[in-house]
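Student: As a plain string of letters, each chain reads:
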Amino acid sequence: MRAVTGTALWLVRLLYLAFALFPLLWLLRIALTPDEILYREGTTLWPSRTTLANFAYVIEESPFPVFFANTIVVALGTAAAVTLLAAGIGYAFSRFRFRGKSALMVFLVITQLFPIVMVITPLYQLLAPIGLVDTRIGLILVFTAFNLPFAAFLMHSFYEGIPAELEQAAMIDGCTRFQALVRIVLPLMLPGIGATVGFVFTAAWSELLFSLMLITSESKKTFAVGLLGFVGKSGVDWGQMMAAATLALIPPAIFFTLIQKYLVGGLTAGAVKA
Amino acid sequence: MSLAADNPATGRSPGTFRRRLRAAEPYGYVAPGLLVVALVMLVPLAVGISFSFQNYVIFRPASRGWSGFENYAEIWSDRTFWLALSNTAKWTFWSVAFQLGLGLGLALILNKPFFGRAVFQSLVFLPWAVPTFLSGLNWQWLYNPLVSPLPAALAAVGVLDEPRNILSDPDLALWGPITAMIWWGVPFFAITLLAALRSIPSDLYEAAAIDGATPWQAFRHITVPFLLPMITITILLRTVWVANSPELIFVMTEGGPANSSQTLPNYVFTSAYSSMNFGYASALATVLMVMLVIYSVLLLWVRGRLGR
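Just so you know, the protein sequences line up as chains A and B, in that order.
Position 82 of the first sequence, counted from 1, bears residue number 81 in numbering that gives the first Met the number 0, the numbering being contiguous throughout.
Position 97 of the second sequence, counted from 1, bears residue number 96 in numbering that gives the first Met the number 0, the numbering being contiguous throughout.
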């Protein structure tokens with residue numbers, strides 16, 4: 000009986016694994032398939048020949064390295080700005096009681112209801128006169144605002160996992176609250192900070208609509224917009240597109256793999272305290 | 000909290016200035032972030048809502064002006080709106096329901112130790128790191144019978160009558176983006192529910208086992224009540240994110256064939272950027288937002304009642 004349940008459990012685990020990984024493996028398979036046999040061997044699990052030509056084209060001849068660099072700058076900039084601001088909001092939510100606190104928390108939840116499609120045009124009109132349209136800084140600013148509410152709750156949850164007595168002791172020893180935060184609390188928060196940075200980086204890396212509407216020059220495009228350009232072109236080269244997509248997956252995949260266990264840990268700490 | 004506010008040793012209270020400064024401290028920590036959110040989200044939102052009461056078509060700048068509730072009246076008699084509304088409900092419900100079911104299953108699996116669990120966890124969480132629109136392109140490709148074994152597999156198990164592309168079938172097209180959304184979103188549910196599972200004190204299960212409870216009874220009376228608050232908040236977040244998200248539909252079907260997979264956010268997007276009718280698009284978006292607000296209030300009210 001135990002052996003049967005054990006086997007059944009492994010079967011379920013393998014099904015989950017197949018569901019999660021098959022689409023990604025298929026992406027890689029298309030990218031590695033030579034053009035001339037792409038349709039002839041479209042449905043076989045692995046092509047009879049593989050090639051790196053698509054990857055070589057994307058890296059050496061297409062504008063993707065530029066798109067890639069732009070996306071790195073925007074995603075890292077957003078992650079840094081969001082984490083810094085969320086560290087402040089999360090700290091205040093976790094350690095202070097103040098007038099308007101619950102109203103603020105409700106407000107941050109409500110921001111999650113805003114349809115992005117509605118604010119794109121007004122944002123464009125507001126950012127254009129101050130020169131922030133078609134700039135990476137403008138994109139970072141917009142992404143920062145939209146990712147901040149969830150990140151603030153994430154940081155709040157991580158702070159809840161750290162006993163307030165630690166900084167109170169430091170303050171009795173003569174630190175100001177801000178010094179105690181920077182010297183005592185934040186170092187202990189490193190897993191939480193890492194998780195928040197990784198979460199926001201992944202989200203900013205993936206963003207499509209704002210990048211599509213706010214960026215127009217080729218030299219500032221993020222890879223999401225560039226990739227969609229592939230689709231729009233007549234005679235899409237699927238192999239090249241999939242090669243570009245595979246490369247675009249690497250940074251968020253690495254980031255997310257590194258931080259996912261801290262994400263679970265931090266949310267657990269918050270749940271215990273709450 | 001207030002370490003020096005009323006120091007009994009000295010018998011003096013600090014000056015009013017310092018007291019005020021201390022009272023202002025929490026606002027100092029929240030102000031920079033809130034300022035960014037208010038400027039970048041609230042202001043454009045207000046402007047967007049004001050568009051919804053205007054006749055505002057980019058190609059016809061001369062006719063721009065206040066029009067009261069005209070856009071809303073037009074929505075009422077717009078057949079595409081009603082179709083998109085029912086599609087949005089279907090798209091959101093099935094996406095979230097499957098994500099919850101599969102995410103809960105995954106969290107339960109990951110909560111028990113087994114050989115290779117850490118590697119397994121990072122692999123099954125990987126879809127969340129895939130950009131949404133990219134997972135759309137990926138699944139669009141997977142549903143193409145020329146270059147993917149999936150349609151043949153679906154036909155083999157009897158879901159399809161023959162290996163064909165469901166994205167070009169008006170009855171099934173919406174299921175394409177739904178599967179892509181499920182695939183992408185399961186890890187988020189699994190992460191939050193796994194965190195909630197880990198926070199359940201293990202002595203509760205020990206006590207239940209001593210009292211002779213079956214695993215099902217333990218699940219029903221310990222696990223479920225502990226998970227419920229996290230489940231409702233995750234459902235709330237995912238529902239509004241999914242309902243508001245046009246990317247997958249935009250990338251995979253563009254709402255077609257013949258609007259059969261049209262949802263409200265995608266309809267807003269196409270009204271705004273294909274027909275350039277910002278007034279109408281904003282009215283549609285406002286209707287969507289009001290419905291999500293009502294939904295969230297209801298869900299939080301239910302959560303509050305369950306908590307008692």
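I should point out that these hints are in silico values taken from the structure, not numbers from a laboratory.
This one's a predicted model, so the numbers in the text were calculated from it and none came from an experiment.
Glycine included, C-beta positions come from ideal geometry on N, C-alpha and C.
Mixed in with the good hints there might be a few duds.
To be verified - Here are some chain A residues pointing at chain B (derived, C-beta under 7 Å):
1) F67
2) T110
3) M117
Student: If a hint holds in the structure, say so; if it does not, say that too.
Tutor: Against the structure, the hints:
Checking A/F67 against chain B: minimum C-beta separation of about 13 Å lies over 7 Å; hint violated. Proximity of A/T110 to chain B holds as hinted, the smallest CB-CB distance being about 6 Å (cut-off 7 Å). Among the interface hints, the one on A/M117 holds; its C-beta lies about 3 Å from the nearest C-beta in chain B, closer than the 7 Å criterion.
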